[in-house]
Amino acid sequence: MDLPGIAASSEKAHSPQGLEQARESEEILRVEELRVEFHFPDSKVVVLAGIDLDVSMGEIVGIVGESGSGKSVTALSIIGLLRPPGVVTGGRVLFCGENLLDLGADEMRAVRGERISMIFQNPRASLNPVFSVGKVLREVLRLHSGLRGAAARSRAIELLSDVGLPDPETVLARYPHQLSGGMAQRAMIALALASSPQLLLADEPSTALDVTIQYQIIQLLSRLRKDRNLAQIVITHNLGVIAELCDRVAVMYAGTIVEEAPVGQIFDETRHPYTKGLLAARARTEGAGELESIPGQVPDMRNRPAGCAFHPRCAFATGICRTATPILEMSGARHKVACHRWKELA
Amino acid sequence: MISFVARRLLLLVPVLLGVTVVTFTLTRIIPGNPIDLMVSPLADAETRERIAENAGLNDPLWEQYFRYIWGVVNGDFGDSFVTSQPVLDDLTSRFMPTFELTLFAMLVAIALAVPLGIASAVWRGTWIDHISRLLAVFGVAMPVFWVSLVAIYVFFFLLHWLPAPQGRISVVVAPPDSITGLFVVDSLLSGNWPALRSSFQSILMPACVLAFAAMAPLARMTRASMIEALESDYTRAARAMGLPERSIVFRHALRNAILPVITMIAIVYGYLLGGVVLVENVFAWPGLGRYVYNAIASSDYPALQGFILYSTTVYVLLFLLVDILYVLLDPRVRI
Ligand SMILES: Nc1ncnc2c1ncn2[C@@H]1O[C@H](COP(=O)(O)OP(=O)(O)OP(=O)(O)O)[C@@H](O)[C@H]1O
Ligand SMILES: [Mg+2]
Chain E
1 MDLPGIAASS EKAHSPQGLE QARESEEILR VEELRVEFHF PDSKVVVLAG
51 IDLDVSMGEI VGIVGESGSG KSVTALSIIG LLRPPGVVTG GRVLFCGENL
101 LDLGADEMRA VRGERISMIF QNPRASLNPV FSVGKVLREV LRLHSGLRGA
151 AARSRAIELL SDVGLPDPET VLARYPHQLS GGMAQRAMIA LALASSPQLL
201 LADEPSTALD VTIQYQIIQL LSRLRKDRNL AQIVITHNLG VIAELCDRVA
251 VMYAGTIVEE APVGQIFDET RHPYTKGLLA ARARTEGAGE LESIPGQVPD
301 MRNRPAGCAF HPRCAFATGI CRTATPILEM SGARHKVACH RWKELA
Chain U
1001 MISFVARRLL LLVPVLLGVT VVTFTLTRII PGNPIDLMVS PLADAETRER
1051 IAENAGLNDP LWEQYFRYIW GVVNGDFGDS FVTSQPVLDD LTSRFMPTFE
1101 LTLFAMLVAI ALAVPLGIAS AVWRGTWIDH ISRLLAVFGV AMPVFWVSLV
1151 AIYVFFFLLH WLPAPQGRIS VVVAPPDSIT GLFVVDSLLS GNWPALRSSF
1201 QSILMPACVL AFAAMAPLAR MTRASMIEAL ESDYTRAARA MGLPERSIVF
1251 RHALRNAILP VITMIAIVYG YLLGGVVLVE NVFAWPGLGR YVYNAIASSD
1301 YPALQGFILY STTVYVLLFL LVDILYVLLD PRVRI
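From first to last, the protein sequence lines stand for chains E and U. Heads up: the first sequence is residues 1 to 346, going by our numbering. Heads up: the second sequence is residues 1001 to 1335, going by our numbering.
Please note: incorrect hints may appear among the correct ones.
Stated by the list, open to error - Computed from the model, here is a short list of chain U residues facing chain E with C-beta under 10 angstroms:
#: 1; residue: 1130
#: 2; residue: 1236
#: 3; residue: 1238
Simulated from the structure, these hints should not be mistaken for laboratory data. Keep in mind that this is a model prediction, so the values were computed, not measured. By construction, the Cβ of each residue, glycine as well, lies at the ideal position given by its N, Cα and C atoms.
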């Protein structure tokens, strides 16, 4: 199932030459037309209205968008952790060619951790408060690699020092409340990587941390890509993180991807009015890097606007924007945009 | 840890002192004259006066109080007006039957309520969740006394599965040699099968009746804290690591969820010590419940005060045990 034209380009923004070849040839994740609804007793709310996304070996794809646009739901659906009332109602999640949505619970569990892992926003809450780091690491190593005893211990120490934790032996015995946020996120990453997955989903991995620690975590993710050729989807509100870390960016709005392009193009050849708004909002809060709100209401998923979901907030909306939903189309070799008027506005 | 326990035990002193002030005052205020119990109704006023004088009932209250405290410090809780025995001996001999009954009840309640709570958290909204909610409502709504009578009617009178209320063991069976003071355990340890059979049959109904009442809050608490744990960030992260659901539920979630349940167990156990009064009366169980019931009915001040001191001590020790368990189970707890 190859879509022509998408993987054909050779331009890449921020990565060494050697990796690039491998990445071009090997696409590991392809999400097609992913639809997710939340089923409540009285209503159904469409939260993802058909998402298309692909990730190649060793590539880091960023997802940005306002709160509630469906970034976390996208990642949770990919790794099979979406829980009721959320339901995947359509589309495919192809991982190395295999549709994960067809897998049974046990097969999907084997994929989690071993092939795809995920880390979350609040690292300390993501570690079990009553278990030491070492205890959970040992459980994961036994499960995925069959390691026990001294072998497990030395592998655990190796993993912890891999993620830049000083003095890994003492960290093994530590409980989450004895770790700083940055250490906890590093420990989380070690746990996620314990069985060498090919894809890491990072849902706002640095948002809850101090600025300097944020930067270190970003550096770590960047290094993991280089050392292990680890593909990543990084969800963030922080355009600085995008610029620093990602090769490609998908901009989400109200459960759809409205623009997707290599990082350089997102910043320099912005096409979608919403992305422009995000960048402008960022310019207004110069230096902070966090997304400032752009004018207008975040759309209510229960009453999704007809036509282009962004039209009520869009300065350029015309008749067609209110009636027809724009599709995500190629607007350049590697640039996709979902806007009726992108050509006129360019 | 040792100094923590020692400090907590030291705390027992002011607590108990406070309790004695309250109980002493209360027992003197509530109506009912103990002299009526100590002398024959036919005795003349002079005899009554002499006996009251001897018992110290005519002295000023503060003097009576200090005499009482002095006695307590020396292990003398006074003599029961009713049994004429030292109250401490009475309490000690009745403690074990009550302890055996409530322990059994608690074990049955835990063994049923915790799995039920886990199941209704894991499969919430399904039939098992509804059944467990229904059981909880019944357990709370139905008076223990009434449940006892229904149980006797059904299991003794209609079905003949269990013996009539007969106390701890049938009168025709010799009690087991005393090792722990718990009949079921002692007869098991000494291999005394007739005693085991009879004591087990005797304890089954009252223990299950008590357990039925105790189950409801335990199951609800287990369910609530399991749901919280299963929805937590750390179980989501554990799932993301590919850990099997068995480990998620029984290791990662349960190990956290059990902490509030332990507190609830202690609270429910305290509640059980209250509920046991009625059950012991219905089942002729020779325990503290019956003793204190009689003490209340006959204004037996020394017995009442002794009982309250005794049960306060039990509560304090119980919650000390809970705190020790927390220290052992929750690395965040500092001592
Ligand atoms: N458990 C849930 N129950 C009901 N609705 C939910 C639930 N989880 C998510 N949603 C809905 O799905 C939509 C997308 O949520 P999602 O968490 O993916 O947003 P997000 O882009 O990750 O936002 P944030 O930046 O705040 O993390 C939101 O509108 C939210 O209302
Ligand atoms: Mg999110």
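Structure-based check of each hint:
{"no.": "1", "hint": "1130", "in the structure": "violated, 16 angstroms"}
{"no.": "2", "hint": "1236", "in the structure": "holds, 6 angstroms"}
{"no.": "3", "hint": "1238", "in the structure": "holds, 7 angstroms"}
In this structure, only the earlier hint numbered 1 is contradicted, and the remaining ones agree with it.
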